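A.B. asks: Protein chains in written order, with my numbering: chain P, 15 to 1003; chain E, 9 to 555.
Source of the hints: derived by calculation from the structure; they are not laboratory data. Please read these numbers as outputs of a predicted model, since none were measured by experiment.
Dumping the calculated EDC-like pairs for lysine to aspartate or glutamate here, alpha-carbon to alpha-carbon at most 20 Å:
id	chain 1	residue 1	chain 2	residue 2
1	P	Lys60	P	Asp581
2	P	Lys281	E	Glu92
3	P	Lys602	E	Glu35
4	P	Lys602	E	Glu37
5	P	Lys492	P	Asp533
6	P	Lys262	P	Asp314
7	P	Lys291	E	Asp329
8	P	Lys836	E	Asp529
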Amino acid sequence: MKKKLLFFYLATVIPSVVVSQQPSRTVAGTVTGPEGLVAGVSVTAKVAGSQVATSFSGTYSIIADPQDTLVFNSIGYETQAVPVAGRTTVDVSLTPSTSSLDEVVVVGYGTQTRRNVTGAVAKVDMKQTENLPNTNVSQALRGRVAGVQFIDNGRPGQGGSILIRGQRSLSGGNNPLIIVDGIQFNGSINYLSPSDIQSMEILKDASAAAIYGSRAANGVILVTTKKGTSDKPSITLNANYGLSEWSKRVRLLSPERYLEKTLQMRKILGLDADPSKIREYLAPSEQLNYDAGKTTDPWDAISQQGKLANYDVSISGRTSNSNYYTSASIADDHGLIYGDFHKRHSVRVNIETQLTKWLQTGINASYLRRDLSGVNASIGQAAVASPYGTYYYEDGEPTLNTVEGESNSGNPMRSALLTRNEEIYNNLFSNFYFRIAVPFIKGLEYRLNYSPNYRWDHNYNFFRQDKHISQNTTTANKFFRQDFDWVYENILTYTRKIGERHSLDATLMYGRNHRGVEDTRANANQLSMDALGWNSLELGSLLTNTSSASQEDGVSSMFRLNYGFKDRYFATFTMRRDGSSVFSESHKYAIFPSFSAAWVVSDENFLADHDFVDFIKYRMSYGSVGNQAISRYQSLSLTSTSRYVFGDASPSFVGIFPSSMGNSELKWETTYTLNAALDFELFSQRLSGTIEWYKMNTHDLLVQRSLPTMSGFNSIWTNLGEIQNQGVELSLNTENIRTDAFSWSTNITFSKNSNKIISLYGSDTDNDGKEDDDLGNRWFIGHPIDVFYDFVSDGIYQTDDNIPANYKPGDRRFQDLNDDNKLDASNDRMVVGVGQPKYRLGLGNNISYKNFTFSIFLNSMLEWVGEFRKADPNSNFGGNYPARQLNQFDNGWWTAENKSNTAPSLGYNNPLQSSFYFNRDFIRIQDISLAYSLPENLLSRIHLKGLTLSASAKNLKTFTKWPGSDPESGEAIGFPMPRTISLGCNIVL
Amino acid sequence: MKNLLFSTTFIMMNVCCFLSCKQMSLEEEPLSAVSVTQALSSKSGFDMAITALHQAARDELTKVDLDLFFDMNIGTDVATTGQEPAVNFRNYQTYLTPNNSRFATYWNWAYQEMIMRANTIIAHAQSAENASIWNDEKERNQIVAEARFFRAYAYNLLANLYGGVPLVDTVYNAPKTDFIRADRNTIYQFAKTDLEFASQWLPELVDGNKEGRIVKAAADHLLTEVEISLGDFEASIAAASNVINSGHYQLMTERFGRHTNEPGDVYSDLFRTGNQSRSSGNLESIYVWQFEDQTPGGYGSGNRGNHNLRGWGPFLVMLKDPNGQNGMDVVDSIGRGVGWVRPTNYFLYDLWKEDWNSDIRNSTNNIRRVHYYNNPASSYFGKPVEQRFSLEDTMQNCYPTIRKIEGQLVYDWASNGGRAGQTVSDFMVFRLAATYLLRAEAYLRNGDSFSATQDINKIRERAGATLIDESIISLDFILDERARELIVEEPRRRTLMRMGKLVERTKKYNIRPSTVNTIQDYHELWPIPQSAIDANISAKLEQNPGY
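Build out the structure end to end from the sequences listed, making use of the hints.
C.D. replies: Structure follows, in structure tokens:
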């Protein structure tokens, strides 16, 4: 199949090679820009009709008539027409284009200008976040791109999640594909140093993403790293230092409330509850602190000073036939929770050399090391620590429990202090490539990529002897994992202009990829010596080992054709075929086609009279992309092992049992996307933006479908049903004020996404004419994927209410949905909330006055709820134990006196196991920064090209009703979101 | 020159194309996991599969920390919750609901671990592809018999608790969502067929290095109970007699085992760590869950040892001395109970009235009625704990301790409070005393109260209790005797539900008014878990009446 396509392609291309033979002579010259020589400039002789491109060293040589006019055209520069006027040497200096329409956009296996793009491609301007203390990419992009949700979890070095245009997979994974410099990147986005990134493009619709086929259904993020552009080496230094604090603390019981709780709970249990005897109701170890008047806020007990330091340096430039970019960076973050650290070191080298006129070779290579060593204090344990808890013995060693004898009050600091941990992730990612401009066939280029990606990481732990425990408490373990992936691709491109009106470019790709991973874990318990830590596991008296390995292979081919007519009408057709080993025997290959078209309506005559219109383009696309985000071996029926012993002083016996139900029909899921959009620039580019509308239908969803346990298994991977995502996205940029000294611009991103399940199993068991919902998985036809289904809370029973049997005042009241005077699971539960935001909003303002720039960015997500089980006061559901010497989330509680209508009584044991839900809406002042750039005259005096000083604040203030740690991450009681104040300095030499 | 370059390029391109166009295999070979068919294609594979079944079976005790197995006693005639805030069966109507996920745990465990694993072994052992791996029919049937024993065990448990349940006797290779319930009798009947096969093919005894594996007597013992549930008392008596008359088992009457130089008696010897297997001299044990310290597989799920001590032991560390100081330390001899299952006064006092001093099961070796302050920092160190009156002390902190829960603690007991409630003692699931008690029940139900009395007296004689007269034997008396002999060991709730006695006896003997006032006739069966009903989307799984 592939071969045929290739031959077809060559057959159509070769005959069209025409060598012009006209009575003209050769004109040569050099093309330069402000930063040096410019390669790839298209040079056209108007009369002679010939066309060439400048070489890598910016030179060209063209057949032209002596009276000819040469037109120099290049992406990113203003087009220039220069009369030859009898000369044989014509040197030209180009000026950079001011129109964003000429901006280069990376589209996957190539680039285009913004003007020509037909798909939904959002370019992220890394300039926006340049002065902000972001240590990972997702932090930098939060709220900045319409329709893309980057969620940060507040932890150093632990990148959050990325969701493009809503959830479209039930369980196949919703992470977008990341492409770095053209190559599939299987590591996490944390493996990228933000300062190395030149630009990021996000492919949102099927047309743009379909060239990445079976892995592109969740959208694609294209990351382009920096290159050298100036003749003179440019040295950039960046330094950033900041301090952070908790932006919010989850409200636990204060010492006073803790005592109130103790009394109240005893009262409910019918125990002696005399306020004057409160001391007696505390545990003896609490009594000591109570007597001494010593209380501890558990959050204080597990905190450390949060800080971040970020330094990077880069050298870049170009010589006559090569360009280079090298960089090194160090980041050192301290999270807010004790022991939560992140250190990152990275180096990068991007080098490109023109070996001969037609052969170019290059390498992009980066090595990155993340060091997450350190065991963080336990947030969960802190949340139950009594305010009268004891964390340390007199000798400074951590206690076992904060309340002696209360086994649920494990000291949150103990493991952090007694464990030595080394956790390091290494990533070596490189791409070696050759580019050949095929001689004699103008416009035909061949590119070969070979990209190995090596990741290896280890996690070593040593839990030392607890000096207050007589037995040997030591354990040590070593975990080692290595991933080796490679991508190998052949790419042919052909670019040609036919006459004045037609432009054509075609791309053909054939490639293979491989992923492999293996890991080993070794454990030793009760080491006979404390001194060697994890380095000598044979000292342990109980040794165990585990290991695993897996691999997957893929083969891909792709074809794309771009056609332009009169530089006004554009069309793109793409097709990709992917084969993957993870799919079942009968579905190894998939084909994903797409089509898109665009019309630059502002170039039409009927709009020529409207001066306020700079540019208007309509776009439309339709196509399909796949999601193969299931793990390997999911289509097979496999086994797991367990262990047992027989007889006394028994050895260990291995047991084996079926662990999964296989599915020989398992395949990729397919998303069909219809996208329509309008790009506009108005009023001399004072107002510009994009409006997109889309409808995505995902079929053959990869689902880990719950099974009745009677079938022997919990769940099975299967393809079924259909999901629809529909939404609009708006990005708007306005230049409100534009004067020489003062300017004020605003950018707004807004998106709305509605997600619903169209179909599941296609069954209608109860014959009501409606397809069955899947209660087991909480999937309901017509509702979003991520919903909460429960009884409907209706306040609290008060003392004088008419209270049904088995209820008492202070219990929760629920709506009897079918009015049968009985609460039952079949008839009285409904969808009570949605777990994904309906609206996402970002609002940025940039104000410059002379050399000062001030920016403020607000981020908001609206109309969603989160579950908060710990709001349940008692143990049956919430896991709180108010009768014991334990702390808990202070949600308040009903008493006969305070008559709360939201929080039940402490003694409420939640017989229906109904959960608690809170609104997650928030508006956050996410970033504020103030920067000062030294003026030119001062700079030249100190021999610098640039110096910028900045101060910024992150997560300054969040407006929300969510009672948990953070509404964005949705954590109930989890890692806090840091509020960071930092100072930065950027120097260009 | 140019031509040369051109051709080089062309060749390079072609080589590249050739390399990449070469047919690539997308076959999937798992590198570190085997398929079921691969695993079950040799005798050792089947042995491993049986091992995994034993591991699942032990999880009946160890799968969940304080519910599951402990709920087999809490809220019955013999026990209630010790901790005031604990909700287990405190209010039957609010606790025992279809939505309470605790009541899905047994269900899921039975179907997903026991029955599925057993069915897989049974199906593969008898497959045509595997015909050649067996030396003879006996070898194959022994494997099948052990799997069928476990399947019967699971179905009997399900039928006891839920009544009729879906009958699954095969391995599914594709989703199935239209299960329907078979009736309770069908389930018992199915278990009976399995057990008859098991009894026919299982070995009489196993070697010391296989202790814990299922023997014929285990199948006969369980069959005795299942036949009672089916109403076939003759068959029940016959099954029990097969155990009793096999010549392999006897009630222990003399001290034995590893701890004979320590204070104790023959009854306490049965429960000391290391005394449960036959090789220790215990000829009473029939089926024993195995625990082993410091050995992978030696503990159950959640790294749990035998945690009966944690569940049943009083929460002594919460006990303060009269000065308000900690009175008790955690020490390895008594461990750390948390007062989760508090025996009722019916068990602690009423049952022993007639033979308070003579019944060894009530001796200080077996019930610790006096506790001593053991915290050296307390000024009451070494003194007996005086009589207490507060609810917390009498219900949770310091009630008489049933000593069969005591034993050697897991090695890292001191590093974590919960660990100090776990021992490495093996747990006798079936022992001969229970076989006698089952046969007594069958005799009585069959109208032979004389033989029933004889069996009961066998047990009482060993214990030093007064021998009873035929005139006072009744099902209730048998239940009393079962409590005396089998407390902690017996899943009491299942016995009562099987006999239809749960509601009556709980109302009579439980000491929590909220329990007594809320239990209703329909609680003789548990609700079908809502999660099972929800997931079974293609057919309606009927709920039990009342829920």
